[in-house]
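Colleague: Okay, here's what each chain looks like letter by letter:
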Amino acid sequence: MVSAIFIIVVGLGAAFALGLLKDSWRNGAFALTMAALAVMSWISISWLGALASGAAQPTDILTAGVQPPFAINLRVGLAEAGLLSVITLTGLLSALYLRDALMQQGRRSMAVLLIAIMALSGIVLTRDIFNLFVFFELMVISTGGLVLLSDDERAIGAGFKYLVVTQVISILLLVGIIFTYHAQGSLNIDDFAAQPLAAKGAGLAFFLLLMALVLELKPFPANGWALDIYESAHPGFSAIFSAASGTAAVYAADKVLATGGAEWLPLATFIGLFTFLASNILALRQDNDRRLLGYSSVAQIGLVLAVIGQRDILGDQFLYIAGGILIAHAVAKAGLFWISGVITRRELTAWTVLRLNPPLVVAFATFLAMLIGLPPFPGFYAKWELAHHLVAEGRVAVLVLILIGALIEAGYLFRWFGLAIKREAPVARPKYAPGKVLVIYAAALLGWYAGYRWGALSQYDNLLQAMPLMVALGFLLIEGLPARIKNVIAIAALCVWFWLSYGSFDPLQMIFGVIFMIGGAVIFLASFHETGRRLGFYPPAMLMYAGLAMLIVAESSFAFFAAWEVLTIGSYFLILRGKKSEPHALSYLMFSLGGAFAILLGFALAAGGTAPLAIADLAQVTGAVAPWVFVLLAIGFMTKTAAIGLHIWLPGAHAEAEADVSPMVSGVLLKAGLYGMFLLLMTMGRQHLFGVDLTYVLLWIGALSALLGNLMAIFQEDAKRLLAYSSIGQMGYALFGLAMMNHLGWLMALMFVINHYVYKSLLFLSVGGVAKRTGTRDMYRMGGLIKLMPLSFIAVLIGIITMSGVPPLSGFGGRWIFYNAIMTADARLPMVLVFLSGPIAFLYLFRLIHTIFLGQLKDEHRQLKDAPFWILLPQMIYVAFLLGFAVLPGMALRRVDAYIGEHFTEQGLSWEGLTITSEFGYWSPVQIMIVIGTIFTLLFLLLLALNHKAQWVKQFNIVYAAERPFRPETTHFAWNFFAPYRRALGFLLAPLVTRFWGAITNALHETAEFTRKLYTGNGQTYAVHVLVFVVVLYLVAGGIS
Amino acid sequence: MIRKFASVVLLLILGYAFYSLVAGFVPDGELNRSAAYYAENTARETGAQNIVTAIIVTYRGLDTLGEVTVLFLTAAIVAQVLSHSRAPAGTRGSGFLPAGELLETGTRLLVPLILLFGVYVFVNGHLTPGGGFQGGAILASAMLLLLLADPMRRFSHRLIAKVESISGLTYVALGVMGLVLAGGFLDNRILPLGQFGALFSAGAIPLIYSLIGLKVGAEFSSMLESLEETEDR
Amino acid sequence: MITIAMTTGFVLILIGLYGALTNTNILRMIVSFTIASTGVNVVLVSVGYMPGRTAPILDDAVPVGSATTSIIDPIPQALVLTAIVIGLGVTALMLAYAYRLFRIRQTLDISKIVELKW
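Residue numbers (the working numbering), protein chains in the order written: chain P, 104 to 1144; chain S, 14 to 246; chain R, -3 to 114.
In isolation and in its complexed conformation, chain P is listed as follows:
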């Protein structure tokens, strides 16, 4: 093992040696620089490997052959080795990335770069406080030099502002150091830990020392200079400034803070959280990519500082958590800055150019997911562990603030991703320097590798070894294949996975498993319609299915949460594919992530710090915390079922999605939320908060969702939007059934799970097929399609008969169970609401037939053919299934009925032959089928007989008189069809919820717009900010002595 001091020796030696080269030997100079950085990286990584595997022990390196504190010593432990690896690798890759700029500026700039990396390594290694100051100044000066690599002349101003601010910081640091020395008689950090300074009356000295180090972390609001550097510096250098400098500075603060004792930690927590939240809010208003990344960098470092503030409770997990966040930040931020360097313009929309180079989009998504802490990256594990530790020690407020900040960060980062994916891209594919692109890919791979390592280190199963996730990620590798081949593989993967795992399913899992896997496979049949390569479809789709597959087999809270996040990300990318999906996909993601954070908080509360918690053990949670766990988990699950209040993402997301994606996200994905609700109610049952039975609240939410969802649906002109709103209502029914907390209610909810999957997939596919042919989703633009699209007509007819719950199809079965169920419940008012929503559903469903397939055929539709074969095929499968399920509902429900019976004492249904009996009556599907069939036939014959003289009226034997109206649709009979109802009931539909969430978003944006005026751009003002920061904290801390 090579001593770590050689990192410093090699860096310095190479920097000095560069001076010996001729100015014209630039290639040689660059080769020497790269070689030195490679050696430095190699030393760091070999230490990391050896320390991580236990082959080496943490080592102190003495200088001058004298023991500390009399001479300076350096230390390499696991943390140091990890951070050194981050720093040196960032340096190596950035040097490669900066090749052109370095070659142009010559060997001096290369020497400066080498010294910068050496200095950052020194900051990490040293255990001497004054030596830390020396390395800090080296960092400052080399930063001043590297800022000049930029082509942007504004960088000079930014560099000067930086120097001004660091002068102030140095003054504080030196005064702090010398008085600390006076109190301790030593400059060695390890000596401070032995005798905390405050005890020796040197609290103020320590405070100044700490402030100086914290100021290097760019805390809000004393960080205007850093943002200016981020905005104007060369992105290759910004990567170093964010990833490597940030890492080193954080570690320096941590080193010193660790010696101060626990009483200083709240200060660090406060500064960190304040910075994290404020910077994330400010970033909302940024439209310059690099400045936005700057804000995000500042925020992330603030988060790490806040985590450092928790080190008293994190114990031996501290490194895992802080390291996870730090490494995720470093890799992601470096990667994003490197990407920004290949993009020529600075507005966020300029990133659309990445679309011409799909692997770069994958890298972009990887970096964003890392930053936000999505699985399977290190930040995810860190977030999970952190949440549990914080909750265990009662620091819920800290956790909530962190989660709010993370949500805001996810908001602006994914808004940016949405812009890049959806806005108009340039046509000409730009030529990227291969070296730069290579560096970006290397960072992305390192990110995945870090995710793998963190997974292996966690006490749980490594997510990157979970079979479903690996299969989904495997689709990234076969993106080059034609869509149809990938489709076959996707269907096979779903079927095989089901076949492998169904043996161990209980009946509940079986129902959901069939819907997720087999149901998913059936919908994939429609995807055969797509030709070409269909880039970016299969990886997210399979990611979503992987999440679903992992969800139903999850036994611990960790596995469940991981699966939940995986399916959320997958479905987000999938929804984003729709033509106008950009805002809807974002609002879907925001609600889902918010819900996921609620679930995280709920699980952490339930576990009380002793993760992992078996899902079944939710039943053991008692005491004051139990109802809160219930509330948080329920909110989390209801974001997915789009319960009223949390529903505003759904209509757009489902309606704008592609023809075969709508059934996936509606028919399949919504069920994930119901599955969660099932588990929750099964384990936790009735909980009371402030004396209110929470299931009663759920009952109301369900009833209101059913009523309002259906009501909103009837006023839609867009057929897919109509179906989307109706999903809100349908999920409301299911929630209502569950919340009744009785046997039949649950059975009905399950019936809805099955039925809703089938008819919503069916209807979305048929409407999607029609929309594909007609080129519009507005119903009043269609009409008379019954003869041209007979199969689609049959599908829609069967679909709406089932959905409206009239005999003879299986929807009636659902209704029948439902009516039986509410006979036993005693919540009258919500029941009335649910009753009301039944006929309302009929109002909009009938329009699907009436407006699309009946009425006048439009002139431009005369040549239409029925929907494409592959879109029709799954519809016909559903039709067949619905007919079969109508006759034999017992095939699915019988076993489930018995299974639910284990949870409730009251009587379920009795299944004898083809008749199903409850305590209130019986239902015999076959009889009903026969009766209805007979009545229908008789009526049909009667009508034929009565109308045998009927005359066919040609479509155009009447003409409009007078002028053509300005908006032709206003004269269409189907436009604004339910106007009278709108007049009567419209007040119920005032978009209060939309306004509520809109107001929150606006308030955040306004705050950002107002606050960022703080950064006037004047370097002197920034220096004032720094002093204000110190002085205010000095006063807040009550004049430390």
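Rather than coming from a laboratory, the hints here were simulated on the basis of the structure.
Values in this document were obtained by computation on a predicted structure and should not be read as measured data.
A few of these clues could be false.
[Said to hold, decoys possible] The calculated DSBU-like cross-link candidates involving lysine-lysine, where the alpha carbons are at most 35 Å apart (straight line), are:
no., chain 1, residue 1, chain 2, residue 2
1, R, Lys113, P, Lys539
2, P, Lys1052, P, Lys890
3, P, Lys539, S, Lys175
4, R, Lys113, P, Lys1116
5, P, Lys1116, S, Lys175
6, P, Lys125, S, Lys175
7, P, Lys534, R, Lys113
8, R, Lys113, S, Lys17
9, R, Lys108, P, Lys1116
10, P, Lys683, R, Lys113
11, S, Lys17, R, Lys108
[To be verified] If you anchor each label on the Cβ, the simulated ranges turn out as follows:
no., chain 1, residue 1, chain 2, residue 2, range
12, P, Gly180, S, Gly207, 48 to 58 Å
13, P, Ala158, S, Gly28, 20 to 30 Å
14, S, Gly28, R, Pro59, 42 to 52 Å
15, S, Met165, R, Gly61, 52 to 62 Å
16, P, Gln298, S, Glu53, 52 to 62 Å
From the three backbone atoms N, C-alpha and C, an ideal C-beta is built for every residue, glycine too.
Following the hints, complete the assembly by docking chains S and R onto the known chain P.
Modeller: Just chains S and R, lined up with the frame of chain P:
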């Protein structure tokens, strides 16, 4: 106006903090343990008479290496910054008034003496007050004098860079030799400690301080020259 | 004696900072910062001073044996040398920056160099 007022308020509070530092300051009655260690062991361990020098070159040698690097870095960056922005054409130093007889003659007399004095200061750093930094600065002042006497004079950049690099590399190499041959990086005992108080004593300290002197002198000269060249073209 | 030196140092720091915060001319700011760092250096040295003792050089006046009782603390002296050199480096860098800024912007007024903000 507001800025001034705000600054005054801020500085008053900061001043109060400083005041409490001064008010709470109790001078040590005797040396603290680090200082006492140096007082007792410097002579034995390093063989240097000047304890400050022993601390700078050996005990805290890593700081000093960093310090030299700061100058190296600054010289490199200053050269880079200024090479990018020469003065507009036509303003070359030709516009200067002649330096005058007195200065020119004085320079001829003084420069060798100053150079000699600089060298004296850094080779005796382990014995008397002074050392590499001071000596280096003195060397550079000779350069300054030359430039003042003749603003048109140019020194060889390559020579300066070579001195700078070779002394830097040798310094690092000596440090590594300490790691290999003695107790650790920058240990001065790679050479015999010699007779206490003699010129050739204290192990590698005089050697290192001489290198520092050369390097500092070269770096200052390089900075002076870069600044001077802003008048060129 | 120590108090006077230390107070002087702190006053210099405050004067320097005041100058740096109120003068908009970049060169004046740089000068102000050098005043402040001089103040810091004075504070550094004054912390190591001990009344009635002599410089930490072991010559005939201070034999090795009695050094512990007769010399002042040598460490701040070593630190101050480093601090001076570093301060000088930063000052030189700031001057170079000031020159470059002036060449680009034709102004030395820091309140006019605000194209990066918000």
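Colleague: Decide, hint by hint, whether the structure agrees.
Modeller: Hint check results:
{"no.": "1", "hint": "R:Lys113 to P:Lys539", "result": "holds, 28 Å"}
{"no.": "2", "hint": "P:Lys1052 to P:Lys890", "result": "holds, 22 Å"}
{"no.": "3", "hint": "P:Lys539 to S:Lys175", "result": "holds, 33 Å"}
{"no.": "4", "hint": "R:Lys113 to P:Lys1116", "result": "holds, 8 Å"}
{"no.": "5", "hint": "P:Lys1116 to S:Lys175", "result": "violated, 49 Å"}
{"no.": "6", "hint": "P:Lys125 to S:Lys175", "result": "holds, 10 Å"}
{"no.": "7", "hint": "P:Lys534 to R:Lys113", "result": "holds, 31 Å"}
{"no.": "8", "hint": "R:Lys113 to S:Lys17", "result": "holds, 22 Å"}
{"no.": "9", "hint": "R:Lys108 to P:Lys1116", "result": "holds, 16 Å"}
{"no.": "10", "hint": "P:Lys683 to R:Lys113", "result": "holds, 33 Å"}
{"no.": "11", "hint": "S:Lys17 to R:Lys108", "result": "holds, 18 Å"}
{"no.": "12", "hint": "P:Gly180 to S:Gly207: 48 to 58 Å", "result": "violated, 39 Å"}
{"no.": "13", "hint": "P:Ala158 to S:Gly28: 20 to 30 Å", "result": "violated, 54 Å"}
{"no.": "14", "hint": "S:Gly28 to R:Pro59: 42 to 52 Å", "result": "holds, 43 Å"}
{"no.": "15", "hint": "S:Met165 to R:Gly61: 52 to 62 Å", "result": "holds, 58 Å"}
{"no.": "16", "hint": "P:Gln298 to S:Glu53: 52 to 62 Å", "result": "violated, 22 Å"}
Going through the hint list in order, the structure does not satisfy hints 5, 12, 13, 16.
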